[in-house]
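Keeping their order, the protein sequence lines are chains A and B. The numbering used here puts the first residue of the first sequence at 1, with every later residue one more than the last. The numbering used here puts the first residue of the second sequence at 1, with every later residue one more than the last.
No lab work stands behind these hints, which were simulated from the structure alone. C-beta atoms are modelled at their ideal positions from N, C-alpha and C, and glycine is treated no differently. Some clues are possibly wrong.
[Unchecked claim] Looking from chain B toward chain A, a few residues come up when the C-beta cut is under 8 angstroms (computed): (1) Glu72; (2) Ile76; (3) Gln88; (4) His101; (5) Phe154; (6) Thr155; (7) Ile159.
Residue strings, one per chain:
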Amino acid sequence: MIITNIEQVPGKTILRELGLVQGSTVRGKHLGKDIGAFFKGLIGGEIKGYSELLVEGREEAIARMKKEAERLGADAIVNVRMTTSSITGGAAELMVYGTAVKFDL
Amino acid sequence: MTTTAEVIQEINRTLTRAPAWFHDVFGSGTIWDVVINNSLQVFGLGLAGWIVAFWFEQRHIKSMNRREIPLENITINNLKKTLNCEPQAATLLIGSVVVAHDYFRTLVIFFRKLVGGNIRHYERLVDRGRREALIRLKEEADLCGIEQVVNVRFTTTAISGRFLHAVEMVAYGTGIQGEDRQG
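Make the full structure from the sequences, and use the hints.
If you want it as structure tokens, here you go:
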């Protein structure tokens, strides 16, 4: 599965569009990481616990999007966009969406 | 008959009641009482955090300066097509980072917001975060042997933790592998 965020796949011709595919996940960390973040807040800077949480979440969201595209029989997903929103304290929603396409008819 | 306000007060008291060892060290009262009674010490802790934060910020900037040098050959743009290159393969690349302020600066910013205008502390934080996200994107590109990243986009989101408010920066784009047209 090729994933790009431009409107074409370089070196390939897109012949069929299969429609919008998306993957989303809401993730939270356990209380220990939040307490760690609280102490990291004394000095500021990068909050590793949360960085990790969002990277994992994004991977999960992309995996779900890929699964949906595979179900449609797609070869690639183009024009992928990402959004993150904070749902509640300690949890975030990560959403990835794009258009599933096929190289043959 | 207890009123709702009393119930809420009781719950609040139960939640903020300090453990026994806490009383031995700081005297009686809830955690908030102790914080208010020792406000000078709490302020001092915040100030110490601010100084350490400043040191960490300088160290981070130095590390970014160092890491940017080997990544200079990777070209980045936000066009939707590839230039000077016969593309063969494409992959999605993501770089992300979550950054936050120390509590002392949060206090400084609180007072700054009373007057309004540019909040310099935040500007520096988001600049630093975005630069770090871009470096991570480039590092991922470097790992895959990619020299051109097109259609790079940035998003910024406020993330609220249980105790801490942070900002997430994401940079993502399509890495292009291919032959150079000029030879």
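Here is what the structure says about each hint:
no., hint, verdict
1, Glu72, "23 angstroms, violated"
2, Ile76, "13 angstroms, violated"
3, Gln88, "5 angstroms, holds"
4, His101, "5 angstroms, holds"
5, Phe154, "10 angstroms, violated"
6, Thr155, "6 angstroms, holds"
7, Ile159, "5 angstroms, holds"
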